[in-house]
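*Asks:* Go ahead and model the full structure; you've got the sequences and the hints to work with.
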Amino acid sequence: AQKITQTQPGMFVQEKEAVTLDCTYDTSDPSYGLFWYKQPSSGEMIFLIYQGSYDQQNATEGRYSLNFQKARKSANLVISASQLGDSAMYFCAMREGGLGSNYKLTFGKGTLLTVNP
Amino acid sequence: EAQVTQNPRYLITVTGKKLTVTCSQNMNHEYMSWYRQDPGLGLRQIYYSMNVEVTDKGDVPEGYKVSRKEKRNFPLILESPSPNQTSLYFCASSLLTGRLYGYTFGSGTRLTVV
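Sequence order for the protein chains is R and B.
Position 14 of the first sequence, counting from 1, maps to 14 under the numbering used here, and the rest follow consecutively.
All you need for the numbering used here is the position in the second sequence, starting with 1, plus 1000.
If you're looking for bench data, these hints aren't it; they were derived computationally from the structure.
Each hint should be verified, as a subset may be incorrect.
[Unchecked claim] Straight-line C-alpha distance at most 25 Å; calculated SDA-like pairs for lysine to any residue:
hint : chain 1 : residue 1 : chain 2 : residue 2
1    : R       : K109      : B       : V1060
2    : B       : K1057     : R       : G98
3    : R       : K104      : B       : V1014
4    : B       : K1071     : B       : S1082
5    : R       : K3        : B       : P1061
6    : R       : K104      : B       : G1042
7    : R       : K109      : R       : D26
8    : R       : K73       : B       : D1059
*Replies:* Below, the structure is given as structure tokens:
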């Protein structure tokens, strides 16, 4: 079974509008972290935002926020006021902390976001 | 500046010619890992290391070797590269203590084996 599922291979958004990128995860480990990374066409992986499984509040970092619904096992990324520079591939990832997890970061297949002017 | 440095950025080589991709981090991170990224398959872990002299296989270790003789360095060795190892490779590092930290990634190495 996939541990991280991103159901949107591609998304389009108009500049200055908000967009939500979906991510669901699967784990039985009570301790885990959820991450979003951005990969522009140049290829580097850029960390955007982190949510811990025990965090009570949804994480926010500037224009990025994470809509964390623990019971539904979802961790959607919301980008407010999209900019042309937000066009990139976005990856959701999870790191489990339990014994035997090897602390691996497991990635979803990604969502390609295109921001239109 | 805190960073993970990978070299080279681009490499074209021939089948069977041994190569090494270097990775170095300056953040005193215990954990280091190598991933490969392929279209449609996402990022998959090749090898990881929890600390000096402690390495283990990830999901796709065949055809690769690693070593961790010093905390800062974690080279990836392809003893006899084949075309199916053409890929984008990332080295990453993180802390292990405390909260579940994410990775700091290197800039990537685009490898083509012909």
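*Asks:* If a hint holds in the structure, say so; if it doesn't, say that too.
*Replies:* Going through the hints against the structure:
no.	hint	verdict
1	R:K109 <-> B:V1060	holds (16 Å)
2	B:K1057 <-> R:G98	holds (18 Å)
3	R:K104 <-> B:V1014	violated (31 Å)
4	B:K1071 <-> B:S1082	violated (29 Å)
5	R:K3 <-> B:P1061	holds (20 Å)
6	R:K104 <-> B:G1042	holds (14 Å)
7	R:K109 <-> R:D26	holds (15 Å)
8	R:K73 <-> B:D1059	holds (24 Å)
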